[in-house]
Amino acid sequence: MTLEFKQVEKRVGAETHIYPTDLKLEDGGFNILLGTTLSGKTTMLHLMAGLDRPTSGEVWFNGKNVTRAPVQARNVSMVHQQFINYPNFNVFENIASPLRIQRTPAVEIDKRVAEVAELLNLTPLLKRGPSELSGGQQQRTALARALVKDSDLVLLDEPLANLDYKLREELRDQLPKLFENRGCTVVYATSEPNEALLLGGHTATLHEGQVTQFGETAKIYRRPKDLRSAKVFADPPMNTAPVAKQGDTFVLNDTVSWTAGEQQRGLGDSAYTVGIRPHHITPAARGAGAVPIVGEVLITEFSGSESIIHFRVEGRTWVSQAQGIHPFEIGTQAEFFLDSANCIYFGPDNELVSA
Amino acid sequence: MTQKTTHQKAWLLVTPVVVLVAFNALIPLMTVVNYSFQETFGNNIFFWEGTHWFEEVLHSDRFAASLVRQIVFTTIILLIEIPFGVAIALSMPRKGPWVSVCLVMMALPLLIPWNVVGAMWNIFALPDIGLLGKTLNSLGFDYDYTQQPFSAWFTVILMDVWHWTSLVVLLSYAGLSSIPEAYYQAAKIDGASPWAIIRYIELPKMKRVLIIAFLLRFMDSFMIYTEPFVLTGGGPGNATTFLSIDLVKVALGQFDLGPAAAMSLIYFLIILLTCWLFYTLTMKDEAQ
Amino acid sequence: MSKISLRQLKHSYLSNPSRDEDWALKSMDIEWSDGGAYALLGPSGCGKTTLLNIISGLLVPSSGRILFDDEDVTDTPPEQRNIAQVFQFPVVYDTMTVYDNLAFPLRNRGIADSDIGPRVSEIAHMLDLENTLQSKAAGLTADAKQKISLGRGLIRSDVNAILFDEPLTVIDPHLKWVLRSKLKEIHRRVGSTMIYVTHDQTEAMTFADQVVVMHEGTVVQIGTPIDLFEKPHHTFVGHFIGSPGMNVLPCNFVNGGPRFAGHPIETAGTARPAAGYSRLEFGVRPEFVSFCADGIPVEIEKVKDAGRYRIVDTRNGDVRIQLLVPEGASVASGSAHIQFDPAHTQIYADGWIVSEPAP
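Residue numbers (this note's numbering), protein chains in the order written: chain P, 1 to 355; chain C, 356 to 643; chain H, 644 to 1002.
Derived by calculation from the structure, the hints in this document are not laboratory data.
One should not assume that every hint holds.
Stated by the list, open to error - Calculated cross-link-like contacts (lysine-lysine; reagent style DSSO-like; alpha-carbon spacing at most 30 Å):
no., chain 1, residue 1, chain 2, residue 2
1, C, K560, C, K450
2, C, K560, H, K945
3, H, K653, P, K24
4, P, K225, H, K945
5, C, K562, C, K450
6, P, K177, P, K64
7, P, K231, H, K827
8, P, K166, P, K24
Here chain P stands alone, though its shape is the one from the complex (with noise of 0.2 Å):
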């Protein structure tokens, strides 16, 4: 089940949707696609499932090219963030509707109804209404009804958006492995960096209409092909600031500077950026590559485990992020330190020079 994009473009009216994409998602893999809100998520969601058709480009299922094809050929099932289920039905019949547009026989029909209802615990609430269930509980039984039709294309649009913190853990937990071994391929869309990393599969990042890149979740994490990548997937954002390279040294300014590793050696002395994650900058040296930054203490934040400390230098806010409970006062200097082994450098174009 492989689903492949060549040269998709969508544009409305003068505006662009989507810029021309090629994409060839995971055979039967959980891929995720990231991004902010209106970055065209939706609309490739839509542009998978057939409810849109792209102004240019080919969308090509399993080897088939069905660009044309509308969406009752194509046998996709589509969980939106919005809890949609019949009204009028109960759990059980809700689920049971995608079958019975197919024409299963009823024996059938109520065996695999059991099967899923079993695996979302849905099982005590069958006979419910969906007016007399919980947010979660509604959220599950849309999920069934995407589950229990043997889709060969699964469509997830922020599922878990509208759901408690608590639920929402739950449900993240159980999602990957729902979709385990049922040869479907999953797309899953969400805003939520935190969320793509948890789940894990394969992570497009999209920006403004344009998948910035596409690969193994932890890897694009960790790699960013550019600065964009990175940017989309960061929550808290990543601290950028330009550097210069001087020989084996990068600069960040008079009183702050670092030996280049292995990695960087290579690079041409010039004017970079550099990209630290929040969790690389620390109020206590860690390791041997650790900084030494002072900056003014603008905000602290404690979040149960882990603090969260807002600093400017020159002008510039950093952020760090660090295990346990840091008391600053605001408004003083304090010291913090980078890890410049983890640092990511980024060329003047805003690619990826060395991660």
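Add chains C and H to chain P, keeping to what the hints say.
Same frame as chain P, now just chains C and H:
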């Protein structure tokens, strides 16, 4: 981010409607266009008249008089029905058992056939035996809609307001019901006066439905025929002869098909143009 | 500005509440001191929005009193309580400019235009809205609209408290972040009492000095973020706060000491539950579980990469135990041994923490 999908097969499904619309609207309309440029004396013999009928209609005092009456009538009923309808909608309860009672009461006038409305008011307003007419006269007003132009106008307008304000109420009420509770809570907290709530929350949120209400009432009142025809027959004299009543007189009374056809087209174009202008102007803000 | 006290507050949406679950809020006494940053944290349906509406006056409680300083305001309507509120979905006056939106609460109170101008500029500056002051509020992004809602509260000098009802729901994650620290900064600058309702523990913990955790209409724990993290009073708090939440594992007492799967558990104090409980557990956060050479044997089931750390799912028999491993550290596969940090291990009887005896 709503986009439409194109499917070639969809055209097949739409075809019956296209054919239906063609028979319903386009073919009769083309017939009217056809008549408006020709003269006929029956026997299917036609003479080309060019724009003669249009010139005649546009220069006729009779058409001008009906048009003025029509514009005055429509303006008056819009000025009454829209604010009145909004006011009623604002004062209706938002929840509780009274909601459905109010809604049914409001819907009642809309359920009565138009000629029945005319007949009802014809009797209701009779100066000698009608409840309205008799009451007005006993209160000292000299009221007789069959004889006095002013009384006739008063009755026609009152009848239209009675018949159609409900439509504005129902539309406005639907608009009001869709305003989230948080807006009212925020306004309370901001210390807004009841008038400020209407001015800055309710009216802006009702804008779209009010535009629809306005357009519907404009079109319907501009085309009004049945009720005044049954009530006054266009009289006394020509006092309540609105455009469509006049049109029927020309077309079927005098059988002047050419002028009637030209008149119909001019009539149609006025309505079309006004609606388009109004819609474009009011929607300009939304587009930004 | 004033202190807000809730005295034996109860509320039910039913006219004749009889059963326990008929109450949306079960009896509670809370004091909110002047100028504090508070969060009301809990899953949906726990009663946090009900409580917020009672404070703002949009709802009158079934019983109990609410006091601002020493004045009883239980029956005072919202407009007389001098409370500002920011809602889940941005509420702005569409037809007005940003300036007029901000000036609206002042104009309603009959304040002279000459006094309004400087105040609006000050607030707009604080919220980074200066460049949009003359634009129509309708066309702005969700985060700008949410700032306007907040601005309408900040602009009044007579505000007793600013209430937030899940204000970041419609904000994109990368902007959530900016707005969250903005709120914190503003609280520090303005110093008014702020109460923030949310189901998101990160938002609650980063914003508040004191977090009130609610569950099924009752307050389970009130404490600083550090208290809630390090010493949850109830297993619900342990589970709800922290992502992933606390491991809550069954144990029993043998020879006066707690044991898990036959292994003795060390805890911070010498906690002993009183008799009469039906369920005995101990809790330890994934942050405080680590691999070791010789400890409790587990099977490693799954490793999830969360970027700055990895979440390892392990299993001892039927019991799932999660632990966090920092980025870069290696994780074995198959069988391993784990240990718990005694300083961060607590015993719970029937869900409630068993406190250590006084030293």
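Tested hints:
1. C:K560 with C:K450: Holds - the C-alpha atoms of K450 (chain C) and K560 (chain C) are around 19 Å apart, at most 30 Å.
2. C:K560 with H:K945: 52 Å, violated
3. H:K653 with P:K24: It is violated: about 58 Å lies between the C-alpha atoms, which goes past 30 Å.
4. P:K225 with H:K945: 28 Å, holds
5. C:K562 with C:K450: 22 Å, holds
6. P:K177 with P:K64: 28 Å, holds
7. P:K231 with H:K827: Roughly 24 Å separates the two Cα atoms, so the pair holds.
8. P:K166 with P:K24: 33 Å, violated
Hint check: violations occur at hints 2, 3 and 8; the rest are consistent with the structure.
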